[in-house]
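K.L.:
Chains as they are written, first to last, in numbering that gives the first Met the number 0: chain X, 0 to 313; chain G, 0 to 93.
Hint data in this document are derived by calculation from the structure and do not stem from the laboratory. Careful, some of the hints might be misleading.
Stated by the list, open to error - Pulled a few chain X residues facing chain G out of the computed Cβ check, cut under 10 Å:
(1) V19
(2) G85
(3) R153
(4) E261
(5) N263
(6) E300
Since the structure is predicted, the reported quantities are computational estimates derived from the model, not experimental observations. By construction, the Cβ of each residue, glycine as well, lies at the ideal position given by its N, Cα and C atoms.
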Amino acid sequence: MTDEKELEKKFQERIDKGEVIEPKDWMPERYRKQLIRMMSQHAHSEIVGMLPEGNWITRAPSLRRKAILLAKVQDEAGHGLYIYSGTETLGVSREEIVGEFLTGKAKYSSIFNYPTLTWADMGAIGWLVDGAAIVNQTALAKCSYGPYARAMVRICKEENFHHKQGYEILAHLMKGTPEQKQMAQDSINRFWWPSLMMFGPHDADSPHSADLMRWKVKLHSNDTLRQRFIDRTVSQAENIGIKLPDPELKWNEAKQHYDFGEINWEEFNNVIRGNGPCNKDRMKTRRQAHENGAWVRDAAEAYARKQEKKSIAA
Amino acid sequence: MSDTQWPLWEVFTQKRQGAPHEHAGSVHAPDKEMALQNARDVYSRRNEAISLWVVPSEAIVASTPEEVGSFFDPANDKAYRHPNFYKTPGVTLD
Numbered sequence: 000m001t002d003e004k005e006l007e008k009k010f011q012e013r014i015d016k017g018e019v020i021e022p023k024d025w026m027p028e029r030y031r032k033q034l035i036r037m038m039s040q041h042a043h044s045e046i047v048g049m050l051p052e053g054n055w056i057t058r059a060p061s062l063r064r065k066a067i068l069l070a071k072v073q074d075e076a077g078h079g080l081y082i083y084s085g086t087e088t089l090g091v092s093r094e095e096i097v098g099e100f101l102t103g104k105a106k107y108s109s110i111f112n113y114p115t116l117t118w119a120d121m122g123a124i125g126w127l128v129d130g131a132a133i134v135n136q137t138a139l140a141k142c143s144y145g146p147y148a149r150a151m152v153r154i155c156k157e158e159n160f161h162h163k164q165g166y167e168i169l170a171h172l173m174k175g176t177p178e179q180k181q182m183a184q185d186s187i188n189r190f191w192w193p194s195l196m197m198f199g200p201h202d203a204d205s206p207h208s209a210d211l212m213r214w215k216v217k218l219h220s221n222d223t224l225r226q227r228f229i230d231r232t233v234s235q236a237e238n239i240g241i242k243l244p245d246p247e248l249k250w251n252e253a254k255q256h257y258d259f260g261e262i263n264w265e266e267f268n269n270v271i272r273g274n275g276p277c278n279k280d281r282m283k284t285r286r287q288a289h290e291n292g293a294w295v296r297d298a299a300e301a302y303a304r305k306q307e308k309k310s311i312a313a
Numbered sequence: 000m001s002d003t004q005w006p007l008w009e010v011f012t013q014k015r016q017g018a019p020h021e022h023a024g025s026v027h028a029p030d031k032e033m034a035l036q037n038a039r040d041v042y043s044r045r046n047e048a049i050s051l052w053v054v055p056s057e058a059i060v061a062s063t064p065e066e067v068g069s070f071f072d073p074a075n076d077k078a079y080r081h082p083n084f085y086k087t088p089g090v091t092l093d
């Protein structure tokens with residue numbers, strides 16, 4: 000017990016000095032558990048994130064947009080895999096992590112439980128959803144756990160492409176016909192608030208925040224990051240003439256930040272509890288994809304075994 | 000349905016000619032050929048690598064953090080292995 004306390008004290012000293020924790024280093028069990036929870040949720044979000052956009056690949060309005068969307072969805076798969084492999088360094092198997100996802104035990108970001116109804120939603124996801132993700136992930140790139148931080152550095156580089164292509168889609172629509180402008184505006188009306196929810200509950204209502212901040216897994220609070228996202232997004236909206244659907248959104252000269260309206264937390268909690276517009280559909284599609292891929296996994300394994308026999312025989 | 004986990008491979012990428020191979024992350028794959036292909040798709044979608052190594056994770060032997068002190072201390076008291084240990088009166092050799 001005292002040993003444990005001593006180790007924990009040394010661990011905290013390392014964190015306070017800004018040292019990076021690596022997989023084989025001693026760490027408190029709660030640090031390991033919280034990271035496994037956070038990183039696997041993050042990885043699942045990347046994987047589920049492929050679904051709302053995958054939905055539009057066959058209907059992209061041009062070959063250019065189609066190639067871009069394909070590349071972006073492939074990136075999301077890659078991001079999921081970077082983070083899964085980072086999570087495994089904490090001593091949990093891929094099987095276990097994915098298993099918890101497929102049985103519905105593990106959570107993923109609630110944003111992906113909203114439907115993508117029009118092409119403009121590809122713009123909104125890139126600009127707002129990936130824009131919010133960049134703010135989150137840029138902070139995580141400096142977190143105390145080495146494998147997570149390194150995965151974030153890689154991901155942030157790729158998210159910039161996602162962010163810009165989304166903005167370009169909307170900028171293009173906003174120069175189009177009245178119908179196209181309306182489509183873009185409608186998409187932002189639907190995605191603005193859910194994007195703000197991506198940063199999680201208010202600091203006071205965030206159950207794990209205090210521990211995570213003490214361990215420098217989180218370097219900024221949910222509310223700080225949300226504010227940062229809003230502050231940088233408003234002028235981008237003005238630039239293409241799109242309106243952010245919040246009548247209370249207003250520059251506060253004294254605070255040097257934008258004031259904004261209250262988030263509908265009832266909706267947030269409802270979606271987290273599984274009652275969002277697409278929760279059931281997303282899980283069903285994900286499980287189906289896993290089952291439909293079974294024969295590929297079987298074939299790859301059979302082939303590997305055959306090659307191994309051959310090489311032993313030779 | 001096969002749901003067992005494939006072996007883990009560590010991925011090393013060389014960014015440009017003359018640069019060393021550096022650890023990039025890991026992938027699961029049933030054999031070395033697929034490990035290499037998966038590594039390419041996961042860690043070099045934008046020409047981040049001009050060369051890739053994949054190594055079975057279980058083949059890697061690593062020093063342990065607990066032993067770091069005693070393991071590396073043979074190097075601690077040998078300042079004479081560094082050029083700045085030496086005095087060269089009147090001239091700078093480097």
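K.L.:
Each of the hints needs a verdict: does it hold here or not?
P.N.:
Evaluation of the provided hints:
1. Hint on X:V19 is violated. Least Cβ distance to chain G is approximately 12 Å, over the 10 Å limit.
2. Against a cut-off of 10 Å between C-beta atoms, the interface hint on X:G85 holds, since the closest Cβ of chain G lies about 7 Å away.
3. Interface hint at X:R153: satisfied, since its Cβ lies 8 Å from the closest Cβ of chain G, which is below the 10 Å cut-off.
4. For X:E261, the suggested interface contact is broken, since its CB lies about 40 Å from the closest CB of chain G, more than 10 Å.
5. Hint on X:N263 is violated. Least Cβ distance to chain G is approximately 38 Å, over the 10 Å limit.
6. For the restraint placing X:E300 at the interface with chain G, the shortest Cβ-Cβ distance is roughly 5 Å, inside the 10 Å limit, so the hint holds.
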